[in-house]
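**Q** Sequence order for the protein chains is A and B.
Residues 2 to 113 (the numbering used here) make up the first sequence, in order.
Residues 19 to 128 (the numbering used here) make up the second sequence, in order.
Hints may be right or wrong, so weigh each one.
To be verified - Every beta carbon over 10 Å from chain B, so not counted as near; a handful from chain A, in silico:
(1) K4
(2) S29
(3) E32
(4) T57
(5) E67
(6) D68
Unchecked claim - Distance windows between CB atoms, simulated:
(7) A:T80 - B:G70: 35 to 45 Å
(8) A:Q46 - B:V33: 27 to 37 Å
(9) B:D89 - A:L52: 25 to 35 Å
(10) B:S85 - A:T66: 36 to 46 Å
(11) B:M113 - A:S29: 15 to 25 Å
(12) B:V33 - A:T57: 45 to 55 Å
(13) B:G70 - A:I75: 33 to 43 Å
It should be emphasised that the hints constitute simulated quantities derived from the structure, not laboratory data.
Only a predicted model underlies this, so the values are computations on that prediction, with no experimental measurement involved.
We treat Cβ as the ideally placed atom computed from N, Cα and C, and that holds for glycine.
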Amino acid sequence: DAKTTQPPSMDCAEGRAANLPCNHSTISGNEYVYWYRQIHSQGPQYIIHGLKNNETNEMASLIITEDRKSSTLILPHATLRDTAVYYCIVRVSRLNTDKLIFGTGTRLQVFP
Amino acid sequence: SQTIHQWPATLVQPVGSPLSLECTVEGTSNPNLYWYRQAAGRGLQLLFYSVGIGQISSEVPQNLSASRPQDRQFILSSKKLLLSDSGFYLCAWNMNTEAFFGQGTRLTVV
Chain A
2 DAKTTQPPSM DCAEGRAANL PCNHSTISGN EYVYWYRQIH SQGPQYIIHG LKNNETNEMA
62 SLIITEDRKS STLILPHATL RDTAVYYCIV RVSRLNTDKL IFGTGTRLQV FP
Chain B
19 SQTIHQWPAT LVQPVGSPLS LECTVEGTSN PNLYWYRQAA GRGLQLLFYS VGIGQISSEV
79 PQNLSASRPQ DRQFILSSKK LLLSDSGFYL CAWNMNTEAF FGQGTRLTVV
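The shape of chain A in the complex, shown without the other chains (with noise of 0.2 Å):
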């Protein structure tokens, strides 16, 4: 079972930023947080990852709360070429075990 919920749903301007919510309120100390996105029919496209601390990369920035139950993925000036599903994903890695469990998604819908 996916360890993520995402509103299934969300729109965005073009040009403004794009913050796209995750809890995950069961997730373990070590477990970090993933975001994918997954423009039809390809397959999904790494953007960020993070354990505690706040991360930034040329595509986009992961803020993770204190307590580590929830993140936001912003994506600080969204384009056309953004709308796609974004999946939040815990990484789930222990002993002879490491996955990633996808859930449902959000669908991002940048319009002009």
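Using the hints, position chain B against chain A.
**A** Using the frame of chain A, we list chain B on its own:
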């Protein structure tokens, strides 16, 4: 650099026929390997993963099996396909950071 190859891109198979999808990774050693399936309009379901040669973990009971005959080769198989096996199949690998996905195989069972 590391790359992942998955083929074929599309496949149409009759019910009851066998299946073999192959995935290979280049540029890394001892990766973790994964097979996912995505039904139309749905999220990705983890089917199998492998942390080493000959080590296969199945996530859900199904009509499929997986094998890892070599370090960087992961094969998804079925002896007899069902209509419900139709979907978009994705292979992925990871080491310590992000996972990388292949471009997928769209399987239609008719």
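**Q** If a hint holds in the structure, say so; if it doesn't, say that too.
**A** Checked hints:
1. K4: 12 Å, holds
2. S29: The claim holds: S29 (chain A) sits with its nearest Cβ about 18 Å from chain B, beyond 10 Å.
3. E32: 14 Å, holds
4. T57: The claim stands: T57 (chain A) keeps its Cβ more than 10 Å from every Cβ of chain B (closest is about 15 Å).
5. E67: 24 Å, holds
6. D68: 24 Å, holds
7. A:T80 - B:G70: 35 to 45 Å: Taking Cβ atoms as reference, T80 (chain A) and G70 (chain B) lie about 41 Å apart, which means the hint holds.
8. A:Q46 - B:V33: 27 to 37 Å: 33 Å, holds
9. B:D89 - A:L52: 25 to 35 Å: Cβ of D89 (chain B) to Cβ of L52 (chain A): about 28 Å, so the range 25 to 35 Å holds.
10. B:S85 - A:T66: 36 to 46 Å: Check passed, 41 Å falls within 36 to 46 Å.
11. B:M113 - A:S29: 15 to 25 Å: 21 Å Cβ-Cβ, so the 15 to 25 Å window holds.
12. B:V33 - A:T57: 45 to 55 Å: 49 Å, holds
13. B:G70 - A:I75: 33 to 43 Å: Distance hint for G70 (chain B), I75 (chain A) holds at roughly 37 Å.
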